[in-house]
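Each chain, letter by letter, is given below.
Number of protein chains: 2
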Amino acid sequence: MRQINSEFGPHGDIVISSRVRIARNLESFVFPHLLSDKDAQAVSTQIKKVLEKENSGYQNRFQSIRMKETDEVDRQVFVEDHRISPALASNVDKGELLIDEQSGCSLMIHEEDHIRIQCLLKGLRPKNAFEEANALDDWMGKHLPFAYDKRIGFLTACPTNAGTGLRVSAMLHLPALTMMGHPDGLIRAAGQLGFVVRGVFGEGTAYLGNLYQISNQITLGVKEQEIIGNLEDITEQVILKERNARNHLLEDRKVELEDRVLRSLGVLKYARLIGRKEAMQLISDLILGSSLDIISDYSLSCLHGLMEQIQPANLQKKSGIKLTETERDQKRAELISAALEQGGNNHVYE
Amino acid sequence: MRQINSEFGPHGDIVISSRVRIARNLESFVFPHLLSDKDAQAVSTQIKKVLEKENSGYQNRFQSIRMKETDEVDRQVFVEDHRISPALASNVDKGELLIDEQSGCSLMIHEEDHIRIQCLLKGLRPKNAFEEANALDDWMGKHLPFAYDKRIGFLTACPTNAGTGLRVSAMLHLPALTMMGHPDGLIRAAGQLGFVVRGVFGEGTAYLGNLYQISNQITLGVKEQEIIGNLEDITEQVILKERNARNHLLEDRKVELEDRVLRSLGVLKYARLIGRKEAMQLISDLILGSSLDIISDYSLSCLHGLMEQIQPANLQKKSGIKLTETERDQKRAELISAALEQGGNNHVYE
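Protein chains in written order, with this note's numbering: chain L, 1 to 350; chain P, 1 to 350.
Calculated from the structure, these hints are not laboratory results. By construction, the Cβ of each residue, glycine as well, lies at the ideal position given by its N, Cα and C atoms. Incorrect hints may appear among the rest.
As the list claims (entries may be wrong) - Label pairs and their in silico Cβ distance ranges:
#1 P/334 with L/185: 33 to 39 Å
#2 P/74 with L/199: 34 to 40 Å
#3 L/34 with P/252: 31 to 37 Å
#4 L/56 with P/256: 55 to 61 Å
#5 L/252 with P/184: 42 to 48 Å
#6 P/334 with L/252: 17 to 23 Å
#7 L/255 with P/135: 20 to 26 Å
#8 L/338 with P/101: 44 to 50 Å
#9 L/338 with P/256: 19 to 25 Å
#10 P/322 with L/325: 45 to 51 Å
#11 L/250 with P/334: 49 to 55 Å
#12 P/256 with L/193: 15 to 21 Å
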């Protein structure tokens, strides 16, 4: 099996990314859904002031993007790229994103809570992501009066986030387990440990592209380190299962697997129209085929990148004009075919 | 639309072939299913003697292939290539094929009847095929006492062939009509004129590769010229419908059609395993795409040839060893991919 470049982080061929999110609120303001425009502005100003303090270490790192200064397509692109939540995208008036491209850290202001600190890293690195987010949380907590209750912990707009305010998750690509019909067992097992398994593209998209997100459900009455340790344990078990399933396919159903991967390549290269769901599935096949050396022309970064670029708002943004669904399917097919042509040229001898 | 090379005969992009079959029996012998080995041999000897007469014009033209001197795979290849009927292939002891590669004429000896004269020509040429077969019939009738009844006409083992003993058929490729769900109407209309529509690869194969065979059902009480004229009329109507359907697809569903043809090309090039039914459908798409200039790399003869070469016995024969179904699907995929590679190189600037 191919060596995964450190660029993708540990287990980068299976774990796309690790993410940590910390919810915080300022005690002197009501929660965002009841907040006046004036107070919303005040909260935003206070937060940015703290980040820009001379000895913060965060000076000039964050770029501010106010939702009301973006258009609908831009906001959807942010959602598809997992930079913001759908909830922030729909809070057009008050929502704001502070983003540091370098560290992978960002702050959503006036999502469900006043502050949502996020850190997203490639591969299985929830600890590193937590350290980054936690440092940011510590600095802000020193200078801002966070809503906190001795018994409960941090207070949040929705009680399911109260306590640690911490949500950790890993986004996994599990094509072999899916092919063998095993994700149900995974979902049950995760549930028993207080974790939940979801698709990554929101409600109703199922497990598009065989991408699964595992995240903790419980934020109250558990230590942060414990949540992160549990996520790491569960994810490592799932990785092991996926690797076993891949080896099993390679040993017992090699020709069938090659056939599937190569057909997917053929269709992706030649199709003139392709929907999101099918494209995600076929690219997933290429990623699997690539990790098992069935094909060697495409880099993981090309294929992971493709999965993002073919999302509807990304295509819309790229084309610059409003597209019908058929036009979008056509643009998607063009983009994929061009990317594979290019990928193929660049990586023939990889 | 591309000009069809005369090699393929009139309407060669839609009509694969025209075929005429004339059933005859020698009056002094019982029908084949009751014939002794000795008499069967006598019939065969008489027939060949007549063909080899000095002034016959058929001298040294026919090659004799006795079923008992072939193996099972050879016989199945003959059936797949439409050189013999399944009935001749199963009459291993007595069955014999006399074949003239040049004219497209052949004689099956001891199929259901003592003699089945056949002529198969490319394109829509039932008249020419009939002339060839009829000339052969005339010569043989002059020198052999055919079983004949003044009231009925020629007598045959099965009464459904009595009278003219003539069956004419055209093998048509109708992808556009099939795609638009119209063949039902065609089947009904043909039935009303005493013709029947079937698939070409025998029972249970449906219309594999969108290939349809139209043939007369009635042989008694109609003139030969009438049967042939009717087949020509019906076939020309069907050709017109197929052309209209193709134009309709090209005008109204162009991108969808391009998508379908190119996906089929992608799968055929890249698949590692492919079954007969799927392969026939995808090659049918390429033939359609080729006739509508959606693709231009492959000749009609390459694609029609592929449809024959991928049949099970053809693959079996080519590989030389007994294949499992999976191995056959693998060989089929290899053969197609190699043929398309080659076709693509040869015809890039066509």
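Hints, verified against the model:
no.: 1; hint: P/334 with L/185: 33 to 39 Å; result: holds (38 Å)
no.: 2; hint: P/74 with L/199: 34 to 40 Å; result: violated (55 Å)
no.: 3; hint: L/34 with P/252: 31 to 37 Å; result: violated (55 Å)
no.: 4; hint: L/56 with P/256: 55 to 61 Å; result: holds (57 Å)
no.: 5; hint: L/252 with P/184: 42 to 48 Å; result: holds (43 Å)
no.: 6; hint: P/334 with L/252: 17 to 23 Å; result: holds (21 Å)
no.: 7; hint: L/255 with P/135: 20 to 26 Å; result: violated (52 Å)
no.: 8; hint: L/338 with P/101: 44 to 50 Å; result: holds (49 Å)
no.: 9; hint: L/338 with P/256: 19 to 25 Å; result: holds (21 Å)
no.: 10; hint: P/322 with L/325: 45 to 51 Å; result: holds (50 Å)
no.: 11; hint: L/250 with P/334: 49 to 55 Å; result: violated (21 Å)
no.: 12; hint: P/256 with L/193: 15 to 21 Å; result: violated (47 Å)
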